[in-house]
Amino acid sequence: MVQILLSTGFGRRATLSGKDPHSHPNREPVTMKRPVRTVLLAALALCVGCSLESTEQADLSTESTGALLVAHRGASAYAPEHTMAAYQLALEQGADFIEPDLQLTQDGVLIALHDLTLDRTTNAREVFPDRFREELVRGETVRRWYANDFTLEEIRQLDAGSWFGEGFEGVQVPTLSEVIELASGQAGIFPETKAPEVYGDRGYNMEQLLLDELERYGLHRRNADPSTPVVIQSFSAESLKILRLHLASDLPLTFLVSGPAADEWLTAEGLAEISEFATGIGPTRNLLLEHPDAVDLAHEAGLTVIPWTFAARGPDGSASAIEEMAHFLFELGVDGLFTNNPDLFPRTPPEEGS
234 MVQILLSTGF
244 GRRATLSGKD
254 PHSHPNREPV
264 TMKRPVRTVL
274 LAALALCVGC
284 SLESTEQADL
294 STESTGALLV
304 AHRGASAYAP
314 EHTMAAYQLA
324 LEQGADFIEP
334 DLQLTQDGVL
344 IALHDLTLDR
354 TTNAREVFPD
364 RFREELVRGE
374 TVRRWYANDF
384 TLEEIRQLDA
394 GSWFGEGFEG
404 VQVPTLSEVI
414 ELASGQAGIF
424 PETKAPEVYG
434 DRGYNMEQLL
444 LDELERYGLH
454 RRNADPSTPV
464 VIQSFSAESL
474 KILRLHLASD
484 LPLTFLVSGP
494 AADEWLTAEG
504 LAEISEFATG
514 IGPTRNLLLE
524 HPDAVDLAHE
534 AGLTVIPWTF
544 AARGPDGSAS
554 AIEEMAHFLF
564 ELGVDGLFTN
574 NPDLFPRTPP
584 EEGS
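Under the numbering used here, the letters of the sequence shown match residues 234 to 587, in that order.
Worth flagging that the hints you see were computed from the coordinates, not collected in a lab. The C-beta atom is built at its ideal place from N, Cα and C for all residues, glycine as well. Wrong hints could be hidden among the right ones.
The calculated label-pair distances, taken between Cβ atoms and stated as ranges, are [what the hints assert, rightly or not]:
1) Glu430 x Thr500: 21 to 29 Å
2) Pro493 x Gly550: 25 to 33 Å
3) Glu502 x Glu471: 18 to 26 Å
4) Val370 x Glu430: 15 to 23 Å
Construct the complete structure from the given sequences, taking the supplied hints into account.
Okay, here's the thing in structure tokens:
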């Protein structure tokens, strides 16, 4: 984890954490389609930890007990992450949910982008060579092009696909609105509030903006549209508390668990605390290997468990990814998982001896 000292340009300095992006193998996808009913029923499984007493009891047997396939940044193994190409392919590969990480433009529009900066996945350096901020990284001054320094109109000018490979030139950074419209009636969305404290320091209320955008599409309440369920996730406990306690959102909320405090969160006491403001946890897959009892403890606390991130890596990537996902789904008993390779998600346990 790289500690970055950011010169915000707003009369303050903030400390952020950066991490190396995932590498994405590029190969031809295998596509499949699943009925919307499966998405609807699987989404209801997320209500482990949500009170069903105020609604009609749902039949969560058969199909509905299937684990959830969340396409991590879309089908990001095969198309540039957080683009409409990646999201569309994820739908074709049978994703139950597509995941837009959220950043804010200067004019307050929520966009799908993993990093605070535009440098890694767009050509912002070339299009806007003078619109950078300087920051210290390990004692060296580097230049960064922050999404929040640009309006949506300016970000529309950027190429968000060429970095990934041929055939994606000119692909744009999408808005949350566009992602919702694409998913509508086909799959759920699993938006993440990214760096909400940073945006809060700049005068934005990311949580309110997110709920406002969801309300535009009638998706701001749990089960508002069963064909397009919504689960909000964040690494920020404060962001989830704002949503649940201050904005009174009843949407399922997932607390992403990693970093130095992870061991404490995955205790019975830590999980009980999480259950006061969230309905699920999203730990790294390595954390669950280190804490195999965490799945049962989380379920006892009324929390779902959806770990991240599973991807095909290396020459034997596909087979090993399927095997790894199957272990988490059918042996550890997680409720779903995030993967860059939606087409490899195992829907049924492997046959013995295979």
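Which of the listed hints are broken here?
none
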